[in-house]
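S.K.: Sequences and hints are given; from them, build the entire structure.
Residue numbers (my numbering), protein chains in the order written: chain A, 234 to 941; chain B, 4 to 208.
Rather than coming from a laboratory, the hints here were simulated on the basis of the structure.
All values derive from a computational prediction rather than experimental measurement.
Hints may be right or wrong, so weigh each one.
[Said to hold, decoys possible] Some chain A residues well away from chain B (every beta-carbon gap over 10 Å; in silico):
| no. | residue |
| --- | --- |
| 1 | P331 |
| 2 | A375 |
| 3 | N451 |
| 4 | H471 |
| 5 | K488 |
| 6 | D608 |
| 7 | I650 |
| 8 | L729 |
| 9 | E741 |
| 10 | Y751 |
| 11 | N824 |
| 12 | I859 |
[To be verified] Calculated cross-link-like contacts (lysine-lysine; reagent style DSS-like; alpha-carbon spacing at most 25 Å):
| no. | chain 1 | residue 1 | chain 2 | residue 2 |
| --- | --- | --- | --- | --- |
| 13 | A | K733 | B | K38 |
| 14 | A | K841 | A | K875 |
| 15 | A | K841 | B | K17 |
Just so it is clear, CB atoms sit at the ideal spot from N, CA and C, and this is done for glycine as well.
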Amino acid sequence: MIEEKNLKWRFDVNAFRLFGRDLITDRITAVYELVKNCYDANATSVVVSFENVGANASGKPNITISDDGHGMSFNDVRDKWMVVGTASKRNKLFSDKPFNRRYVGEKGIGRFAVDKLGGKLTISTKQKGEKERLIVKIDWDAYEVKSRSTQLTLFTDIENGFFFEEDNPEIHGTTLSISSIAELWTEPDIKRLERELEKIVSPFYPLDPPFNIYIQSNEYSGYENRQVKAETIKYSSHQFSINFNLDNNIQETLKFDNTKNQIIKQQIPIQIFGPVHLELYYFNEAAKKRYNSAYKNDDYRVDGVKIYRDGLITTPFAEFESERDKKRDILGIDKRLWSGTFDKIGTREIIGILDITKDSNPQIIEATNRQDFVDNREYRELKEFVISQLRSIAELKKYERYLIKVSIDKNLARANIEIKEFTTRIETLERKNPTLEKILKPLREQAISIDRSIKKGIQQQERERKDHIRKENIYLSLMSLQDYAIHISHAVRTALGKVKRMAEFFKERYPNPELDTYFREYSVGIYDEMTNLSRIIDFMLSYAGSTIDMEDFNIKTLLVNLFEKSYSPVFQAESIHSIIEIQDSFIIHANRKFFEDIIENLISNSIKALRNENNKIIKCAGYIDIDKFVVVFSDNGEGIKKENEERIFEMYYTTTADLGGAGLGLYIVKTRVESLNGSISLIKSEFFPKGASFKIVFPLRKTSHEVD
Amino acid sequence: MKSIKIVVIHDNMKVTDPLLFSLRERFGTDNVILKEVSSEGLEYIFDNLTGKQIVLLDYDLGADQPHAPEIIREIRDRTSLIQIIIFTAKQFSSIPYEYLIEFINNETFGIIQSTADIVDVLSLVDRAAHQLETRVDCVLEEWISKRTDSEKRKPYITTKAGAVYTLSDLIVEIRKETKLGQQVEKSILQLATELLTSGKKELDD
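M.R.: Here it is in structure tokens:
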């Protein structure tokens with residue numbers, strides 16, 4: 234005989250609302266959370282079944298989530314299921330053998346996800362060996378009524394009916410049957426669910442015993458008993474597998490090799506965030522085209538890097554976002570400054586699967602808001618690690634673009650030669666057989682005309698390339714200007730703020746003999762700050778007249794002027810001792826603005842490196858070495874870490890993102906130096922063990938001539 | 004009443020700055036603390052958690068030092084009872100939206116440009132001070148902090164679930180704005196309203 238009794242929940246009504254309604258933001262996440270609970274229960278198979286949930290359904294709508302896990306005892310239901318944030322999951326790290334699964338439903342909130350799906354729930358659960366099955370009936374609407382009441386109660390008194398039913402002792406598992414379904418589930422909704430469920434398990438971290446997910450629907454075809462399986466990633470142009478070796482303290486990382494023009498693997502020590510395994514699939518333009526034609530532009534899969542812990546997805550927690558641009562990009566791949574410019578790799582060009590574990594990467598912690606990870610040093614460095622892999626791929630992308638350009642050039646040049654050969658042969662033929670002239674003449678004329686068109690084409694392409702380079706130069710110059718403007722405006726505002734406060738002091742308190750020392754100090758302060766401000770503004774205005782044309786200028790005068798006039802207010806404001814030693818004076822024909830850019834960016838770089846230094850020095854030395862002009866630029870700041878040395882000239886590489894560093898300064902320096910046919914390298918610091926020194930070498934061409 | 008400490012965290016301000024002069028005038032010389040290194044500022048704040056504090060916080064605070072968003076996050080992890088005012092030369096439009104949202108959600112009291120008039124800064128600080136003196140949670144915290152140690156350790160309330168809380172426990176619940184902390188505040192406000200409206204008992208403060 235079935236006897237029905239009552240069971241009370243043990244949590245705050247407000248907690249119920251918070252967990253159920255606010256934390257789980259959408260239906261797909263709700264199902265996802267429930268599937269995660271099945272994983273924790275050591276299930277090998279979960280069936281998510283939808284009945285009559287569509288618009289045209291006639292029967293009663295129902296969603297069932299059924300697993301073959303270990304099931305729950307009455308005590309489990311009473312002491313765990315009905316209590317929020319049960320600690321039991323945290324006391325034990327692993328589930329029972331042979332599963333040894335890391336618990337993933339850490340917050341114990343999955344059960345509240347049910348509320349998002351429907352108003353009524355029946356739990357039917359049974360443990361192996363038990364003769365009876367426990368059935369609990371829950372009416373969530375009653376809680377809703379309760380939570381709306383103004384009565385001050387900390388804990389609910391709502392009662393839930395439960396009873397036992399006889400069953401086969403061998404059977405085990407839990408079935409959640411949800412009715413009073415809140416919203417319709419269309420076929421695309423269920424497809425979306427399938428796509429999200431596909432991502433739950435890492436395709437590279439085999440689960441043994443398995444964890445299989447099935448979707449059923451009595452309305453939509455193809456969902457009779459469909460297994461959710463991560464599709465193998467097809468059509469990518471490049472695949473990279475980054476591994477580690479714990480015993481030898483080795484972490485692999487990608488690097489673009491400029492000599493071999495390909496991506497190679499480098500070994501670095503395991504980083505502070507712990508060892509990681511990363512599979513990256515890159516889709517170049519051709520691959521993207523193949524992909525889009527195969528999937529009919531449904532490119533949801535190419536969506537950046539996802540992080541899996543112990544084989545299970547972490548964040549973003551499968552919360553569905555249909556608009557691409559609103560998708561959370563937790564690693565900040567697309568958020569990098571100057572996004573979308575030049576050759577950068579974005580989330581729509583890669584699929585990445587990053588495997589971490591709780592044991593080896595304990596400092597990568599999911600944030601409580603479930604939207605991100607806790608922002609600590611380890612996580613920041615992990616992000617940087619991923620982005621640095623993408624930077625290497627970006628180099629490859631750049632190289633591939635270059636190859637395409639070269640091959641087009643070659644083809645055009647070959648066509649040109651072939652046409653010439655053709656014309657010559659016709660001419661020879663004409664000479665030898667004057668009778669053929671009538672037939673051959675139109676052919677020859679046509680060939681000449683084709684030759685002209687090809688030449689025009691080559692010229693046109695050359696013009697466009699130059700135009701592109703010019704545009705890129707202007708763009709980079711603008712960026713450095715913008716960087717500079719941010720810097721200057723901050724300096725101006727800080728100075729203005731100080732002046733204003735001191736002036737206000739006068740306005741409000743003068744005269745007052747007791748404050749005379751303050752009046753004196755502030756008047757000097759105001760004067761000094763105003764002098765500084767006026768210099769900063771003069772310098773800023775000097776930018777207004779600059780162009781990017783070539784001109785003759787004396788390099789010694791330019792460098793000395795930059796240091797002793799233009800930058801002296803900056804040096805003064807930052808308490809930097811500057812040294813400028815240029816031995817030889819001579820005139821060169823070059824782009825003056827480029828030279829200024831080089832120095833400006835090096836100085837701004839040094840200022841950042843000197844922030845924590847008490848005795849700040851910036852030194853610039855220049856001399857002629859046979860047929861080269863050499864500039865050595867040094868500071869005694871924090872220097873450049875060994876592991877960063879190779880990357881500092883790369884675009885978007887920055888160690889000072891927090892200071893507004895966009896990773897452009899040294900890139901601009903390098904491109905500017907190269908556009909002047911020079912080279913730049915990092916050499917042993919003049920202020921060793923502190924600081925950094927850059928050596929810049931410009932070849933002296935015949936056009937430049939020495940003056941006294 | 005315990006005095007309010009004004010903790011100024013700013014990496015580019017002299018001790019002689021007129022703003023500090025005016026703050027000292029208003030809140031007492033010993034109660035205005037300037038910290039140029041933000042981690043030291045944070046340390047000071049945490050060492051003085053039992054007192055009332057208003058933090059005047061610059062935005063960018065130097066390499067390897069926590070900046071405003073991090074500092075606010077760390078403070079809010081420990082307590083909701085400190086008032087924070089951001090005081091910066093940085094253009095508001097150059098502060099990332101995520102941080103602005105975080106500032107609002109982490110109950111930053113105000114944000115003001117460093118080019119503002121001293122009187123405007125002072126009036127913002129005054130409003131923050133007024134709130135510190137009148138907010139139920141702050142008053143409660145102050146009342147609890149005045150109890151003796153043995154009083155603080157005694158069981159004070161028991162919830163329906165059977166959990167027992169001492170005054171020391173309660174102070175943590177209030178600082179962290181837990182459900183229980185909020186519940187206690189709510190009950191006290193209700194009691195106060197009841198006392199006022201019933202008129203049966205005169206309030207002596």
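S.K.: Each of the hints needs a verdict: does it hold here or not?
M.R.: Status of the hints after comparison with the structure:
Distance to chain B confirms P331 of chain A as a non-interface residue, since its nearest Cβ pair spans about 38 Å, more than 10 Å. Even its closest Cβ contact with chain B, about 19 Å, leaves A375 of chain A beyond 10 Å, as expected for a residue assigned away from the interface. Consistency note on N451 of chain A: stated as away from chain B, and its beta-carbon is indeed over 10 Å from all of that chain's, at 42 Å minimum. Every CB of chain B is more than 10 Å from the CB of H471 of chain A (nearest about 32 Å), matching its label as outside the interface.
At roughly 27 Å, the least C-beta separation between K488 of chain A and chain B is larger than 10 Å, which holds for a residue marked as non-interface. Taking the minimum C-beta to C-beta distance to chain B, about 8 Å, the non-interface status of D608 of chain A is violated against the 10 Å cut. Taking the minimum C-beta to C-beta distance to chain B, about 56 Å, the non-interface status of I650 of chain A holds against the 10 Å cut. Consistency note on L729 of chain A: stated as away from chain B, yet its beta-carbon is not over 10 Å from all of that chain's, at 5 Å minimum.
E741 of chain A, annotated as away from the interface, has a beta carbon of chain B within 10 Å; the closest lies near 8 Å. For Y751 of chain A, the requirement that its beta carbon stay farther than 10 Å from each beta carbon of chain B is not met, with the minimum near 7 Å. The non-interface label for N824 of chain A is consistent with chain B: the shortest C-beta to C-beta separation is roughly 30 Å, beyond 10 Å. For I859 of chain A, the shortest C-beta to C-beta distance to chain B comes to about 40 Å, beyond the 10 Å cut-off, and the non-interface label holds.
For the hint linking K733 of chain A to K38 of chain B, the alpha-carbon distance of about 22 Å falls within 25 Å, and the restraint holds. Distance hint between K841 of chain A and K875 of chain A is fulfilled; the C-alpha atoms sit about 18 Å from each other, no more than 25 Å. Distance hint between K841 of chain A and K17 of chain B is fulfilled; the C-alpha atoms sit about 21 Å from each other, no more than 25 Å.
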